[in-house]
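Peer 1: Single-letter residue listing:
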Amino acid sequence: MTESLVRVRNLKIGATVYPPGGKPHDVEIVHGVDFDVRQGQVLGLIGESGAGKSTIGLATLAYGRGGVKIIDGEVWVNGRNILSTDLSDIRKLRGGEVTYVSQSAAASFNPAKQIMEQVIETSVQHGIYSKSQAESRAIDLFHQLSLPSPDTIGKRYPHQVSGGQLQRCMTALALCPEPNLVVFDEPTTALDVTTQIDVLAAIKRAINEIGVAALYITHDLAVVAQVADDIMVLKMGEMIEHGTTDQIINSPKEEYTRALVSVRSIDHPEKHPKGSPVLTCSNITARYRGTTFDVLHNVSLEIYPSQTLAVVGESGSGKSTLARTITGLLPPRDGKIMFDQRELSPDLPSRTLEDLREIQMIYQMADVAMNPRQTVGTIIGRPIEFYFQLRGKEKRQRVIELLDEIEMGKEFIGRYPAELSGGQKQRVCIARALAAKPKLIICDEVTSALDPLVADGILKLLLNLQSLENVAYLFITHDLATVKAIADSIVVMFEGKVQRYGRKSKVLSPPFDDYTDLLLSSVPEMRLGWLENVLATRKMESAGN
Amino acid sequence: MGLLAKLLAQRIALGLLLLFLISIFIFAGTLLLPGDVAQQILGQTATPEALANLRAKLGVNEPPIDRYLTWLGGLLTGDLGTALTSGQNINEALFRRLANTFFLAFWAAIIAVPLAIFLGLLAVRFRDRWPDKLISASTLSTISMPEFVIGYILMFILGVKLRWFSPTAVGYRPDADLLSRLDSIAIPIMVLTLVVLAHMMRMTRAAILNVMQSAYIETAELKGLSTFTVIRKHAFPNAISPVVNVVMLNLAYLVVGVVVVEVVFVYPGLGQYLVDHVTKRDIPVVQACGIIFATIYIGLNLVADLISILTNPRLRHPK
Chain A
807 MTESLVRVRN LKIGATVYPP GGKPHDVEIV HGVDFDVRQG QVLGLIGESG AGKSTIGLAT
867 LAYGRGGVKI IDGEVWVNGR NILSTDLSDI RKLRGGEVTY VSQSAAASFN PAKQIMEQVI
927 ETSVQHGIYS KSQAESRAID LFHQLSLPSP DTIGKRYPHQ VSGGQLQRCM TALALCPEPN
987 LVVFDEPTTA LDVTTQIDVL AAIKRAINEI GVAALYITHD LAVVAQVADD IMVLKMGEMI
1047 EHGTTDQIIN SPKEEYTRAL VSVRSIDHPE KHPKGSPVLT CSNITARYRG TTFDVLHNVS
1107 LEIYPSQTLA VVGESGSGKS TLARTITGLL PPRDGKIMFD QRELSPDLPS RTLEDLREIQ
1167 MIYQMADVAM NPRQTVGTII GRPIEFYFQL RGKEKRQRVI ELLDEIEMGK EFIGRYPAEL
1227 SGGQKQRVCI ARALAAKPKL IICDEVTSAL DPLVADGILK LLLNLQSLEN VAYLFITHDL
1287 ATVKAIADSI VVMFEGKVQR YGRKSKVLSP PFDDYTDLLL SSVPEMRLGW LENVLATRKM
1347 ESAGN
Chain B
4 MGLLAKLLAQ RIALGLLLLF LISIFIFAGT LLLPGDVAQQ ILGQTATPEA LANLRAKLGV
64 NEPPIDRYLT WLGGLLTGDL GTALTSGQNI NEALFRRLAN TFFLAFWAAI IAVPLAIFLG
124 LLAVRFRDRW PDKLISASTL STISMPEFVI GYILMFILGV KLRWFSPTAV GYRPDADLLS
184 RLDSIAIPIM VLTLVVLAHM MRMTRAAILN VMQSAYIETA ELKGLSTFTV IRKHAFPNAI
244 SPVVNVVMLN LAYLVVGVVV VEVVFVYPGL GQYLVDHVTK RDIPVVQACG IIFATIYIGL
304 NLVADLISIL TNPRLRHPK
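Protein chains in written order, with the numbering used here: chain A, 807 to 1351; chain B, 4 to 322.
Bear in mind the hints are in silico, worked out from the structure with no lab data behind them.
Be aware that a few hints might be false.
Unchecked claim - Listed below are the simulated DSS-like cross-link pairs for lysine-lysine, each with C-alpha atoms no more than 27 Å apart in a straight line:
#1 LYS875(A) to LYS919(A)
#2 LYS961(A) to LYS236(B)
#3 LYS1010(A) to LYS1142(A)
#4 LYS136(B) to LYS60(B)
#5 LYS1077(A) to LYS829(A)
#6 LYS961(A) to LYS9(B)
#7 LYS1199(A) to LYS1290(A)
#8 LYS1290(A) to LYS1303(A)
#9 LYS961(A) to LYS1010(A)
#10 LYS1077(A) to LYS1041(A)
#11 LYS9(B) to LYS919(A)
#12 LYS236(B) to LYS898(A)
#13 LYS919(A) to LYS236(B)
#14 LYS875(A) to LYS937(A)
#15 LYS1216(A) to LYS1201(A)
#16 LYS1077(A) to LYS1243(A)
#17 LYS875(A) to LYS136(B)
#18 LYS1142(A) to LYS1080(A)
#19 LYS236(B) to LYS937(A)
#20 LYS1010(A) to LYS1041(A)
#21 LYS829(A) to LYS9(B)
To be verified - Here are the simulated distance ranges between beta carbons:
#22 ARG1148(A) to PHE23(B): 49 to 59 Å
#23 GLY856(A) to THR298(B): 51 to 61 Å
#24 ARG130(B) to THR891(A): 21 to 31 Å
#25 GLY856(A) to PHE151(B): 35 to 45 Å
#26 PRO917(A) to PHE109(B): 28 to 38 Å
As the list claims (entries may be wrong) - Partner residues aside, some chain A positions facing chain B, computed with beta carbon under 10 Å:
#27 TYR869
#28 GLY873
#29 LYS898
#30 TYR906
#31 SER910
#32 ALA912
#33 ASN916
#34 ALA918
#35 GLU927
#36 TYR963
#37 MET976
#38 VAL989
#39 TRP1336
#40 ASN1339
Cβ coordinates follow ideal geometry from the N, Cα and C atoms, glycine included.
Here chain A stands alone, though its shape is the one from the complex (with noise of 0.2 Å):
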């Protein structure tokens, strides 16, 4: 048997809570968690928000973020207890023995230093390499990793690099001093599914190469069916399932490894176009003020009643400023809005209070969209008093019968946002839109903050919602998975320009222009060797060109 790298025991991780209107009280999030981790195997830790992965992954650098403390039990590195070394022996295995990657490499760099300062610095702090034998080595991870210009790009400065530049000089970052352990806490979630395969595959191929050791934390089991060895399935701080990503992943024995693997089992078959469109947008071109480009060309797209348009497309594909340009908080500089036969003004302050009423949108964030201060009755019974005039016990029947309509019942109406899950304040903004009974709902990335079985919820209730209200939806989003569930008709967006349009069925099949064929290709799919299939394929295709 070989010794283990690191072992973990009976591992407890308690944190200070803040209740809204209670006094602070501390709790236990992770509840006595075991694992092991040989030289160079990579272990998957996977589960939803709140189960405890990112924490117990910081747990094998002896930190703690915000009040989180560990209570109890046993961190070995290397052969010893990091929870009982002292300071200056933990600060010699951060960023030495064991090393972070983060979600937001773009918030992790300090903006005001060179990268390859700060990609270099553990290594020269810790005496592992003096600053020319650092600088090289750092080169030479910017080659492995597949950076653009790596000989020079040490000499940017993070702004001046990609979000998914950016993920890798973080990798280089952890690799450079040659680690034992690195921990990857969702390095590829908050990028494109492009970018996402890039970054994953120079993720994986370091790995391999340099044969570290990792953790691999993420909410997504199809990425980390591509990276990890073994997965171990955590919930509410205790771990569900652990075993080989085979097992994990084609055969997993817990009822909640199966709700994982087999989540969006939603199947929606797309609707025929009835009536004459709710909306139509005829050859929108739009720009952002005191800027000297269109960040839209020739927008032209239908939506019809009752109905669900998806506009996919990566960050930065225009996306979000269509909707804008329909809610007409940014008024196009070329081309028609129609909506229900009439013409829209273009800008926000001459529509009518029956325009406003008509079109309604819902946000990524549903936390920062909802006034902190206002109840969920305040807060869905606005646009009642609004549009509608009423007051007093008529406004708080319909609030109730919305609530109803939300699945939440009538004893949400006196909370706070606070005191509701992701899932909840999602469902309060849904009911708000619906308050004033629109004909039409822009939904901006409503599921791409939620964990994916509180995001399949969240689905299912707006296609009921849509049935019930025949309400049409304009549906933003970047995830595919989503788009397949529940859209009726796709546009593909890419640099502000309409890259393919039609019906679902039409827009999903071959033959496929090269951008939606990349578009598609990259959606990690939970199957074992997918990363390899597809690079491959493209490999192949690339030579043939």
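Got chain A sorted already, so can you dock chain B onto it with the hints?
Peer 2: Frame of chain A; chain B shown alone:
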């Protein structure tokens, strides 16, 4: 580089425009001052004819617009005008006084700024523990006391009782050797330091604590760096802009706001010069002091802006 140059040029142009507007305000403001310079010079017993003659001679009867334009023209050519009471050119007296004020402000700043930033860093390092609380409490209590009170207290203890330093600046001679000059302004320096310390220290603390919430500080901690290295290398460079702003405001205060301290310690600086001539209703001197103060104030804030722009990596290294 074009963007940066454009921004800098914009700031400088704005500063000049502001200065022009302020010249109008100062001129209009001094017109509203009550009192009559001729009466002040000739005394209560002067005859109406004598007063009228003197007024005509001093040129205070001409229309305000003409007087403003003459004054502005003088300013642009570097001539601050002539004092009504003494008939002397203002430039010479004013710049001699200004040099004294700068001397005092310089030594106060040399002590106060590094001390404030160091105390701010210390407060962050021992955040919410006793050193932090002690620093906050003591600096806040000194800023809460009027500076003349602190001035008289220190004068009494250090100057009169202990006799460590000269109690007032009466003996100050600009041509004396440095040590005796410093001896005469030692207590004023302390007063000024105590007055400006709290503001700068609190801002340093707040700015760095704000930066300490960032993800890149967590990254730095997970690199195994010591707390002080994290603050010095990763937090401080990103907190420079707000700190520089408050430092410049306080430097401006050291030059412009020392009137009270100069009067308390009888220091021959610009503040005292101004106060003297306000009592004499000598408008040109008041105007000249006003415009000099405004120039220094705007100039220092301009420098703060420029430093903020220059330390912003996004502006210094555009994509």
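Peer 1: A separate judgement is required for each hint: does it hold in the structure or not?
Peer 2: Each hint, compared with the structure:
1. LYS875(A) to LYS919(A): Distance of about 31 Å is beyond 27 Å: violated.
2. LYS961(A) to LYS236(B): Holds: LYS961(A) and LYS236(B) sit about 18 Å apart, inside 27 Å.
3. LYS1010(A) to LYS1142(A): violated (48 Å)
4. LYS136(B) to LYS60(B): violated (62 Å)
5. LYS1077(A) to LYS829(A): Violated: LYS1077(A) and LYS829(A) sit about 52 Å apart, past 27 Å.
6. LYS961(A) to LYS9(B): holds (25 Å)
7. LYS1199(A) to LYS1290(A): Roughly 41 Å between the alpha carbons, so the hint for LYS1199(A) and LYS1290(A) is violated.
8. LYS1290(A) to LYS1303(A): Holds. LYS1290(A) to LYS1303(A) sits at ~21 Å (cutoff 27 Å).
9. LYS961(A) to LYS1010(A): holds (25 Å)
10. LYS1077(A) to LYS1041(A): violated (37 Å)
11. LYS9(B) to LYS919(A): Holds. LYS9(B) to LYS919(A) sits at ~24 Å (cutoff 27 Å).
12. LYS236(B) to LYS898(A): With Cα atoms ~18 Å apart, LYS236(B) and LYS898(A) stay inside 27 Å; holds.
13. LYS919(A) to LYS236(B): The hint holds at about 9 Å.
14. LYS875(A) to LYS937(A): violated (35 Å)
15. LYS1216(A) to LYS1201(A): holds (13 Å)
16. LYS1077(A) to LYS1243(A): With Cα atoms ~22 Å apart, LYS1077(A) and LYS1243(A) stay inside 27 Å; holds.
17. LYS875(A) to LYS136(B): holds (25 Å)
18. LYS1142(A) to LYS1080(A): This hinted pair holds, its Cα atoms lying about 22 Å apart.
19. LYS236(B) to LYS937(A): Cα-Cα ~17 Å, so holds.
20. LYS1010(A) to LYS1041(A): Holds, at roughly 26 Å.
21. LYS829(A) to LYS9(B): violated (53 Å)
22. ARG1148(A) to PHE23(B): 49 to 59 Å: holds (53 Å)
23. GLY856(A) to THR298(B): 51 to 61 Å: For THR298(B) against GLY856(A), whose Cβ atoms are near 59 Å apart, the range 51 to 61 Å holds.
24. ARG130(B) to THR891(A): 21 to 31 Å: Cβ of ARG130(B) to Cβ of THR891(A): about 25 Å, so the range 21 to 31 Å holds.
25. GLY856(A) to PHE151(B): 35 to 45 Å: Hint violated: Cβ distance 59 Å, outside 35 to 45 Å.
26. PRO917(A) to PHE109(B): 28 to 38 Å: holds (34 Å)
27. TYR869: holds (6 Å)
28. GLY873: Nearest chain B Cβ about 13 Å off; hint violated.
29. LYS898: It holds, given that the least Cβ distance between LYS898(A) and chain B is near 6 Å, below 10 Å.
30. TYR906: Holds, because the Cβ-Cβ distance from TYR906(A) to chain B comes to roughly 5 Å (cut-off 10 Å).
31. SER910: At 6 Å from the nearest chain B Cβ, SER910(A) passes the 10 Å test, so the hint holds.
32. ALA912: Where the cut-off is 10 Å and the nearest Cβ of chain B is about 9 Å from ALA912(A), the hint holds.
33. ASN916: holds (4 Å)
34. ALA918: holds (4 Å)
35. GLU927: holds (6 Å)
36. TYR963: Constraint on TYR963(A) satisfied, holds at 5 Å.
37. MET976: MET976(A) check passes; min Cβ-Cβ to chain B is 8 Å, inside 10 Å.
38. VAL989: holds (9 Å)
39. TRP1336: violated (30 Å)
40. ASN1339: Constraint on ASN1339(A) not satisfied, violated at 34 Å.
Violation of the numbered hints given earlier is confined to hints 1, 3, 4, 5, 7, 10, 14, 21, 25, 28, 39 and 40; the remaining hints are satisfied by the structure.
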